Structures are given as structure tokens and as C-alpha cells.
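Participant: Listed below are the residues making up each chain.
4 protein chains.
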Amino acid sequence: MKTERKVLIEDTFAEAFSMYMVRILVTASTRRWALASAMEAKGLGTTAIFCPNEVGVEAEVNSSDTPDQRPGVLLMMGHPKIENVRKWVPRRIRHCILSVPTTVAFDEMPENLANDSVSIEGTPVQLFGDGYEERVEAYGRSMFRIPLMGGWFYVSERFRVTKGVAGGNIIVLGNSMPSALLGAETAVDAIKSVPHVFTPAVNGIFASGSKPKSSYPWGTTNEKFCTCIKDRVKNTMIPDGVESAFEVVINGLTLEDVKRAMKVAIEAAVKIPGVMRITAGNYEGKLGPHKINLREL
Amino acid sequence: MKTERKVLIEDTFAEAFSMYMVRILVTASTRRWALASAMEAKGLGTTAIFCPNEVGVEAEVNSSDTPDQRPGVLLMMGHPKIENVRKWVPRRIRHCILSVPTTVAFDEMPENLANDSVSIEGTPVQLFGDGYEERVEAYGRSMFRIPLMGGWFYVSERFRVTKGVAGGNIIVLGNSMPSALLGAETAVDAIKSVPHVFTPAVNGIFASGSKPKSSYPWGTTNEKFCTCIKDRVKNTMIPDGVESAFEVVINGLTLEDVKRAMKVAIEAAVKIPGVMRITAGNYEGKLGPHKINLREL
Amino acid sequence: MKTERKVLIEDTFAEAFSMYMVRILVTASTRRWALASAMEAKGLGTTAIFCPNEVGVEAEVNSSDTPDQRPGVLLMMGHPKIENVRKWVPRRIRHCILSVPTTVAFDEMPENLANDSVSIEGTPVQLFGDGYEERVEAYGRSMFRIPLMGGWFYVSERFRVTKGVAGGNIIVLGNSMPSALLGAETAVDAIKSVPHVFTPAVNGIFASGSKPKSSYPWGTTNEKFCTCIKDRVKNTMIPDGVESAFEVVINGLTLEDVKRAMKVAIEAAVKIPGVMRITAGNYEGKLGPHKINLREL
Amino acid sequence: MKTERKVLIEDTFAEAFSMYMVRILVTASTRRWALASAMEAKGLGTTAIFCPNEVGVEAEVNSSDTPDQRPGVLLMMGHPKIENVRKWVPRRIRHCILSVPTTVAFDEMPENLANDSVSIEGTPVQLFGDGYEERVEAYGRSMFRIPLMGGWFYVSERFRVTKGVAGGNIIVLGNSMPSALLGAETAVDAIKSVPHVFTPAVNGIFASGSKPKSSYPWGTTNEKFCTCIKDRVKNTMIPDGVESAFEVVINGLTLEDVKRAMKVAIEAAVKIPGVMRITAGNYEGKLGPHKINLREL
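Residue numbers (the working numbering), protein chains in the order written: chain A, 2 to 298; chain B, 2 to 298; chain C, 2 to 298; chain D, 2 to 298.
Hints in this document: simulated from the structure, not taken from any laboratory.
Any given hint might turn out to be false.
If chains are identical, the list can't say which one is meant, so a pair holds when it fits in one copy or spans any two.
As the list claims (entries may be wrong) - Here are the simulated lysine to aspartate or glutamate pairs, EDC-like style, with alpha carbons at most 20 Å apart:
1) LYS235 to ASP117
2) LYS214 to GLU158
3) LYS164 to GLU112
4) LYS235 to ASP131
5) LYS7 to ASP69
Here the structure is a predicted model, which means the values were calculated and not measured.
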């Protein structure tokens, strides 16, 4: 703590791209059930490449700040293709929220950011009611309610969509695996103070990174950042003294949100002893429209 | 505790069906990372109907009992169709285990139960290595190792498959929502003492139940068990005094495993005050080959 | 949800008394370590009667809102006697915060409420440094730093004290144990949205309650609220149909804080099916100066 | 993983001493409540020096292996003086187990190790019943039951005591704080596979260490192991290249248990990159009767 250390922030940029996103508030009788539902909904959601889609928890919400005055968890889901969002948002709601004791699912997209929406009508969520479902006004909103064994399940009639920003990232390089890992963990914890963003990795940290143009459609390892084969890789990006690297990917509703999160992530990671450098993954500018320069943050 | 209560065990049966299953042991440097990886791999895994497949955590494993002497978590995944298992097991490993710091994925199917296998060769897991991966003998097993930013990822060369049993279940009926819920929770906790089984629901408990022959291919609510519409449903299965119902679904490697888990689940649930009845979901014998009579347990 | 239910709020009052309190912010490199430290410091802290003192977690704090920009947990400790506070606050800091990896302990009493303080000077915390400790300005505050194996431990030079309010409470009566328990749990979750209060019970819920004038100095069971012996107790307070009772005790920096927390607690608990009545524990007005009428809330 | 690394095990010994211990099994309706109760009972229990006493969680226990067929947690408590055990065991049970919803407290000392006992009769636990308590045979044991608001609380009539072994330890030295910390964490996780031992530190890891003969009765920092002042300390034990140290203290029912735990702890810690050395704390042979040589393990 309070020690002066010098960590090199590389002069590079993270390359971000557009992603259609929804923002769902899951509430339940208790924090525990809201969180359990959100974590199931988050699962198999680390990447849009061929997971169904990318999902992450944004934050817990106190009962004083939810429409039904119960504890909640904010969840975001996204995919670069809008069709995928239309397909998987209802499915995740159906299987990971509707099926869970005492939950309600609210659309929580900020009003000013919405420019499209996914309707629940005609999806497996509404149709699950088999005609017993009802369209109701509840909690000041237009909702469906679906009868379950455990009681009525309430769900917003539609979930608004924004064209957000995905792929913001930092890569933490350490003089040992534990240093890089703890550096990444502090970055993820710091990001929790920034609203409107999520980290799709498990606990926010990727051990694996993919390269821009893969020989294989589902992505292949970015060998230039693989510490364990740095002797075999020409043009390795791993400098001497670096023994490990982990990546924190950040998605958010706007470019500003992603930048803010990247900034606090860097500030947190560099405090950890053994963290040597911070860099970022990019695709030489060929992938996305957004370039986020690390040093400008 | 120790109070004598009378809970009616209905004279009915759970109807189970066959499911192809794998059993994966995820280890990591710490329990926390093994568990985080397992929970991501479990996500979006409550049902085979149109989740990618059904997944559940069987148990944590002490480091003394794993091949690499590190803490681990046993995970099971299954689907009625073998093609689905071949497709989604590698994907879940790729996105929910390979990508997570310090993990290893071992095949842990008991030798005597295996009658098929899913090969990792040629899947997105192996191909992620982009030629840098290696076939190695490690921890006394045939494995691949794939280079990542965070170090080598080791994974068994193949995951053996058994034809297991899915759809074992009990439905807990309570005089109020909390009674049925706590009854179901104690059932799930009791099941943790039975090896070779898993509960695919979130925290093991389903608020929703589907009916045998749905008018809709993805399943529709089983209105006969919906307490909130019992006045509107002819032939409701909800007796007077019952206000809520939750279901615990149990899948296992063998029929005996599922029966044993159902037995301890019932014994636990009936101890909870306010639990009125235990019943089970079945499809009038039309779905699966296995009928598990509650009273015989 | 959204069902209209009638729960009787009894026409009674909670009787609260004065307690000297400190408010400590524990930060650490990660949320996990801050929380682990806070939970150890909270332990053996359910009551001032003859636990060392009463302790509870108020809330987690994002890294953006702490002096050292790291994640934190707010902890409160109190006792009716100021000598006890002087004795046990340093001991809990010494054994439950100082000893924990990467932690810092900050005084976080709101400026306007402080009217006394506990100095760290001369206590086991400062003296642990054996002369190697230093008085420093850090994070804009006057602090000590003590050398440990794991690095420097920083701690505020003094922790300010307020004369707060303890013993606010509600008792949740249910038609079964699970109903009363879930009602109490939702009350505790709701209280998390109110700043400046804490609940000293384990997970915020007491299964036991003491009576005003005990035949024994350490408190004895309040038999009038014991459901399991209601047939043997004259003047039992347990009405017909009630099978279980749990108590949520609330302490806070001011009377207004405690009232606000009691209000949201009641509003949450009455939503749970099977909750029959809300009452409160009091000592017939003989114990404390504060009477908080339930119906006025 | 699987990398060959050389970590120096110093040629020294841990010096252990005798401690009177009890072993308590806390069961509850759910794992969650058993664990919450155990964690409260563990709190303020990192050291016998002037915490009330040392406490730690040994393991979770499946419902199939407990007397009341409910999930449980094994807890151990100890102190070098038997009077302290007689005083604080009943107090911790009274405030951290009795007060918690649905719990039962069983004596679980192995038969062959018991050579004394703490009676519950006449303690604040029994007297809490105020005459309504009863002596009963339950779960095949002699127990008291005490009436509470939430129902009967059952507790063993006496808790047997053994003269166990405390102060086994390893100190993990790392090339950075994160390396030493992760090394210590893997050691703690490994210890979970050894029965009859517990680690009293928060999450099992001490950032602070005391020295043998302190100038102050409550213990003072062991400056020889303080990395942050190694330049100011003559005869520092911190070699070049070591930047951080954490200690794992291990107590157990027998010397063999402690040795076994120390062995697996060392084997786990040395696997972590950045861990440089393993040493141990001793008091130059003046404190305790037991010397556990690291290299012999």
C-alpha cells in the first residue's frame, strides 16, 4: 500500500466493437435467490463467438431501488447480431429466471439509450403459460404474468435494446502467475464501481485470449501473449521478466462507460506488487470502430 | 426437530428417461477458482429441452482425491441425444473451463459405467491451440495441453459417456410458499450426500414444471400443479390447504443412484414444518422407461 | 407477489436503549479479503450481554468510495458501556483486521455524530509494532502503520464514538417455521438498503429472545414468545395459528436510522405468505429511553 | 502446472504446544444456516493470546453422516488453559449456535481421544431455559433441549475435551505479495483434506506473526520476518528476492494430524510460481514440547 511503483502502461489501444445489449433486473424474495438466478443466466456466457451470447452481472441492487421493493441483481446480455439477441434473451429468461423460485424479470435499459427492443410476446417465455398467462400492469409497467407451480412469474413485456460497446480490455502482465492474477482481480473489483458495464469472463478474468484473424472460425489462442511458449513464438509480445498474463474484457452500454471502467481497472491493477505492465488486445484496427488508447485514460 | 409429523407421500411415481452423460472433474489452484469455473459451466443448463444441455455440480472434491492434488469440483452434463453431447461438452469446456485461470479438466466417469466417449480431438478445445497444442501424458492420463496467456491448459483427451437416468423428481407441496421452498432446499442439501447424481435446477429447485404433452415443443406450464390458478384448472392436483409447490429434479449415472437420491430427498423434506405432501411428476408412463414409485423408496 | 394479504401489525413498541458505537471501514486488495476480515471481526458479536460486544456489517463499499480506492466493508461495533468499547474495539482490530492479508482499518464515523473517540495509541494494535510502528499521514488521515510479515498495516489513529441506539427490533410470527424464517430474512435483506444501521444476529435473525427481567444475569429465554412451550406458559404471546417466531434486532447511529430500518423491515416481512403478525420485544418500558411504536412506522 | 520448480524448504522446525480442545458439530435445516452459525462461532477466534480462544472450521459434513441426518459443520475450539475452555465454549454455543435458526450442537470428539469434558449443566446455555429446559435422550445421545422463539434448541449434555496440539505452522515466502498469498491459500485449501485439524487465521492465513519473547504480554510483531522493514532489522530472516511472507497456523487433535496437515500444506504451496521458500516459526525451542521438522515431513 502507498508504495511508489512504476508499472509500464504500453502505448497501445483496445479495439472495441458494437454489440446489441439488453439490461435485465432480476429481483427475488431474497438476495440469495436473485443472485443465484443471475448467475445461472450468466453461465455459458463468456463470449459471443460461439457461446450463445455474452452475459455478465453488473451489480446488486438494494430493495429500496427496485420496482417491487425486493433485492435485485442487474444482468446484461449482448451479441453483435440482433437476431441472436432476439433468440437467446427469451431463452435465458425462460430457463434461468422464470424457473427460479420467487423471481421477477424487469427491463432496466436506461430510457435515453434504447433504440430497439425484444418482445416477450410469442417467445417461449410467454408461450410457457399455455394460455393461462395474462398481460397485466404491475409495478407501474406492462408485464406478462405466467402461472408456475411456485406462483405467478412476472416479466416485462419487452426488453429494450441498445447498441453498446464490447471488447474493451486490459491485459495484466506479471512477474509471476499470482501477481498477474491478483492484479486482474483487483481490476475486476474496481470495475464494480462503474455502472452500465459488465465483464463476461468467469470472475471477470480470462486466462485465454484469441487472436484477430484466426485460422479457425471459433477463435484460436493468441500465441504472442502465451507466456508458456514464448520461446517458440516469433514476435512474442511477452517481455523478459513477465511470466504470466490475464485479460479483463469490459463491455458497456456506451463508449464512455467502457473507458471509465478501463481507467479504474488500470489504476487498481498497477497497485499490486509484481504487476509489470498493462497492455491491451487489439486487432490492428481491423475489427472494430472504437480504439481506446490506454495512455489517454 | 424430532417432532412427529405426518406428511402424505402420494402413491405415484416419477417417470425417468435415458440421458447420455459425462462426468468432468475441474481442478484449479484454489477451491474458489474450481467452483467459479464449474458454476459458469453449469449455467444455462437447467434443462435439455432447449438449453444447450443439462448440467449440474455433483460435489466438491478435496485435493487429496484429485489426480493433480489440487481442489476440484465434479460436474455432470447430459442430453438425451448423443450428438448434442458431442457438440456441447467441448463447447462448455472451451468457454467455461479452458478460459478460466489455473483450471484443468479431467474425465472422471467411473470405469465400469462408460460405454462411449466424446473425443476432444478436432473440437474447438484442441483447435484453440492453433498447432501449439500438444498431446501429453500427465497425471497418469492421456491429455492435451493448450497454450494460453495464463499458462498451459490441460484437458483429458476424451470424456467417456454413460447412458444415465434423468428426470427423477419429487414435488414438495407446502401450506405456504416458504414451507414448500425450505422443504425443497433441505431435499437438495440431502442429495449432496449421494454420489453420482446432480440436480439441474438453480440451487436445485424448480419453481416451474412442464407438462407431458405440451401444445408447444419447448414445454408449457403444468397447470395442474399451479397453485395460483387452481380455481381455474379442472382436475387440479393441488389439494386444499396447499399453497405452493416446488420440484427437485434428479439425474444420475444409474437408476439406483437416482432412487437413492430421491429417498434421502423425501426423508429430508418431510421434516420441515408446513410441508404437506410429497408427490412426483410423471407423464402417465408415456415418456420414459423408468418408473420410480415414491412409496417403495 | 402483488397479492393482497392482511398481516396484523400489533399495537406495541420496540424498546431501545443507548449504545456507544464505532464505525470502521475495512478495505483490502479484494472484496473477498475485506469481507472475510469483517466477518471475523463480526464473530462472537451477537449481543452485548456477555459476548465481548455487539458487531455487525453495515454494507459493502465500492472502491470508488473509499479513501484508498480499494473495495471495503463497513462494520459497526457497540456496547452500552464506554469502557467496553475502549477495550474491545482495539482487540477486534488487532485480531480480526490487522492479522488479515492486505487490510486497512479506517474510522468512518460521520463527522456530525461523533462525540467521543477511542485512541489506538497505547493499545495492543499500536504496541504490536514493538517500536517499529510509525505515525503517518496517509489517505488524507492521521494513521499508524505497523510492520507485519505481509507488509505495512495502516490503521486510523483514533476511532470516533457516537451514542447510538440499540435494541430496535421486530418479531415475525408465522404459521410455520419456514414462513417466519423467510419473513425475517426478507426483513434483513431490506434493512441492507438503510445506511448507518446493523443487525447483530447471525444473518440478522435471532431464534432466541431474552426477557426483560431475567432470573439470571446473562439473560433467559422469553417464554411468552416460545412457540414450542406455549401450552405450558400462562400469558403466552403466541396466538392460535402461529407456529414459529424469529426476531430481527436493529442497532443504528441515530433513532431515525433505526426507525427507518424497522419500517422497511416490516414492509418486507409482511409480503411473505404465511407471515401472520409482526410484533416487537419490549421490556414494559423499563429498559430504555426510546419507544418505537410499530403502527406509527 | 507440472512445471519443475525448486523451492527451498528451510532446515528448521515449527514449535507446537498443548491446547485443550473441543470438537463441535453444528447441524441445521440447511447447509447455509449450519455454516453461518459456525462462522459466527469462529469469529474473534484467531488466537488464544487474548481473543477469547482459538476457533476454526474443520469441514462441512454431509447429512448422511450426522446424528440428525441434516447438513453440518465441524468446529474446533481450544485454549492452553482448561479454565478458559470451560468459560468460553458455553458462551460461544450460547451466542453463536443457540441463537441461530434451526441449529443443533453435538459433541463430536473422537471417543479414543477424550480425557476430560465441559459440562453444559449450570452454564448460560442450560440456564437460558429458565426452568423450561429439559434433559432428554435424542439422536442416541444425552442432550438438553432449551425452548426458544424459533423452537427447541438441542445441545449435547457435555463436550469432551482432548489435549491437542497447537502452533504447527508454515511460513510461505514469495517474490511478491500475490505469490506468497496464493501459496498460502493453496496450502489452506490442501489442509481441508486432512481431518481433525483447523487453521485459526481468517481464511487460514496470517499477515502478522508474533515473536517468541515479546516485550509486551499480548505479543508483538516478529520483525525478523517483516519484509517491509528488512533494511532496518538486524538478523532479518528475509533473504534477498523475498518480498512478502504469510503464515498458516495449524492446530489439531494429535501431533500426527498436525504433521500430516503441514506436509500437504508444503506440497501445495511449493507448486505456486513465485513461492521462493517455506520456513516455519519457532521460539528457539523454549515454548512448546513439540518440534516438527519441515524437512522430515
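Participant: Does each hint hold? Answer for all of them.
Facilitator: These are the hints, each one checked on the structure:
| no. | hint | in the structure |
| --- | --- | --- |
| 1 | LYS235 to ASP117 | neither (46 Å within a copy, 41 Å between copies) |
| 2 | LYS214 to GLU158 | neither (40 Å within a copy, 27 Å between copies) |
| 3 | LYS164 to GLU112 | within (13 Å within a copy, 44 Å between copies) |
| 4 | LYS235 to ASP131 | between (60 Å within a copy, 15 Å between copies) |
| 5 | LYS7 to ASP69 | between (48 Å within a copy, 18 Å between copies) |
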